[in-house]
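Enquirer: Required output: the full structure, derived from the provided sequences and hints.
Residue 1 is where the sequence shown starts when you use the numbering used here, and the numbers rise one by one after that.
To be clear, the hints were calculated from the coordinates, so they are not data collected in a lab. Glycine included, C-beta positions come from ideal geometry on N, C-alpha and C. Not one of these hints is a red herring.
Pairwise CB distance ranges, derived in the manner of DEER restraints:
#  : residue 1 : residue 2 : range
1  : Gly242    : Lys195    : 20 to 28 angstroms
2  : Pro136    : His237    : 30 to 38 angstroms
3  : Pro150    : Arg240    : 28 to 36 angstroms
4  : Gly35     : Ala80     : 21 to 29 angstroms
5  : Val145    : Gly242    : 39 to 47 angstroms
6  : Ala199    : Asp245    : 26 to 34 angstroms
7  : Gly466    : Leu353    : 46 to 54 angstroms
8  : Asn100    : Arg58     : 18 to 26 angstroms
9  : Met114    : Ala192    : 23 to 31 angstroms
10 : Gly137    : Glu29     : 38 to 46 angstroms
11 : Ser383    : Ala80     : 15 to 23 angstroms
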Amino acid sequence: MIGTQKVPIITLADVGVSFGAVKALNDVELTILPGECVGVVGHNGAGKSTLVNVINGRLSSTRGDVSYDGEQSAADFRNALLARNAGIRSVFQELSLCPNLTVLENYRIPYRNMPRRAWRRNAASAVRASLDAVFPGNAIDPYSVVDDLPIADRQMVEIAIAFSRRDIDARLVILDEPTSSLDGAIADQLLAYIKKFCADGGAIIFISHMMGEIFDVASRIVVMKDGFITQDNDARHFTRDGLVDAMGHVVPDTAEVTGAKRRQEFGPEVLRMENGLNARQGEVVGLAGLAGHGQAEALAQCFLDRTSDWSASRDPAVVFVAGDRSRDGVMPLWSIMRNLSLQTLVEFSRTFLVDRKAERKVADEWHRKIGIKTDDLENPILSLSGGNQQKVLFSRALASSAPIVVMDDPMRGVDVGTKKEVYRMIRAEAEKGRTFLWYSTETDEILECDRVFVFRDSEIAAELQGDQITEENMLRASFEMQEAGQ
1 MIGTQKVPII TLADVGVSFG AVKALNDVEL TILPGECVGV VGHNGAGKST LVNVINGRLS
61 STRGDVSYDG EQSAADFRNA LLARNAGIRS VFQELSLCPN LTVLENYRIP YRNMPRRAWR
121 RNAASAVRAS LDAVFPGNAI DPYSVVDDLP IADRQMVEIA IAFSRRDIDA RLVILDEPTS
181 SLDGAIADQL LAYIKKFCAD GGAIIFISHM MGEIFDVASR IVVMKDGFIT QDNDARHFTR
241 DGLVDAMGHV VPDTAEVTGA KRRQEFGPEV LRMENGLNAR QGEVVGLAGL AGHGQAEALA
301 QCFLDRTSDW SASRDPAVVF VAGDRSRDGV MPLWSIMRNL SLQTLVEFSR TFLVDRKAER
361 KVADEWHRKI GIKTDDLENP ILSLSGGNQQ KVLFSRALAS SAPIVVMDDP MRGVDVGTKK
421 EVYRMIRAEA EKGRTFLWYS TETDEILECD RVFVFRDSEI AAELQGDQIT EENMLRASFE
481 MQEAGQ
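Expert: In structure tokens, the structure reads:
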């Protein structure tokens, strides 16, 4: 502190970042002070990830000045060290835990100066303390191998490690879509902890496409578009509609958001599982409930029961849209086009030869339909933002001829405008007779469904349809198994 004036943790002055001819950031001016929670919003590819990677030192700015704790830095590899010394930590949208290591071993990696004596016991204790502080009541074992954990637990672990005690305390934590795999109750725990962390003098950069979360925790909101910061103001100066409009999207009618256009007439039953889950032709069936209660396993079983484990089919019975794209969806060494066309290669191949013209036609069509932000589909898939990668996975599924589409929380990291467009696509495909099984941790998405099965302890706790599909009924069934029949 200088007198009564707070010293900024990070200051960006006229910062720009270019990758060849592509300008990812332009003339960015930003200051983060202790005690602030800065919400950063913008459509996929707006420059949010580039911005935070400059702040945490993973990227060096092409031009402009970056200052940590009021001290201007050089634009080179030392920024990562300066950011670390300033107490800046990050939780990335693409989770960065080492899957073959245990939870406590992942904690050990960023803790460079951890005492060697009894370090495993001390690391387990520190991780446990941080998990309990951020997510009270969790049952995560610090000795668990990360790859054995469901995605919600992995996200909780990464967040807890970011807030954990180390040799240098956390002062600014960057959270990029931190609730994308968490159910509502667990997300509320994180939001409560963020408020406490900022009240105690910490700072947060909170990136989310969930407008309610932004307004819940942010003291200030920054809007990004095409690499520019277009607005930076106190959160009280924004409304939800105004914020979405500032991002460059039109807010859809409330009826579209709440699923008021649910259909009543469907075709014959096309799917029935041992646990009672069933679906009819042309129906959008939602799977709800607290995360980790068997929804993902039910979807996986549905997919595996109808898919060959050794060969592809010209007439696939089912197609899968992964929510955990880094583990189950993206081929990281392939191009955007190869990732998009993977599901349909067999459908337009001839005697083991791929029809490249047909492949290009499909890729170009979905590039246009869903607005994948790239100038060249031959670019690597990892050149896209996380949300745009998810668009590729969704396009891959809808481009196929499979009559059943299984979706495991498919909208993770996708901006609000694209979500509404995807909802329209799902509805259009359902009206043509396609059936969707849709698990989501977001209530607004489940409200889009024609019928909903609520899971609890790997069993179906309730079946809701029509006017029964409300957030209140879903929550009641999630916590009270005995009310399932009401």
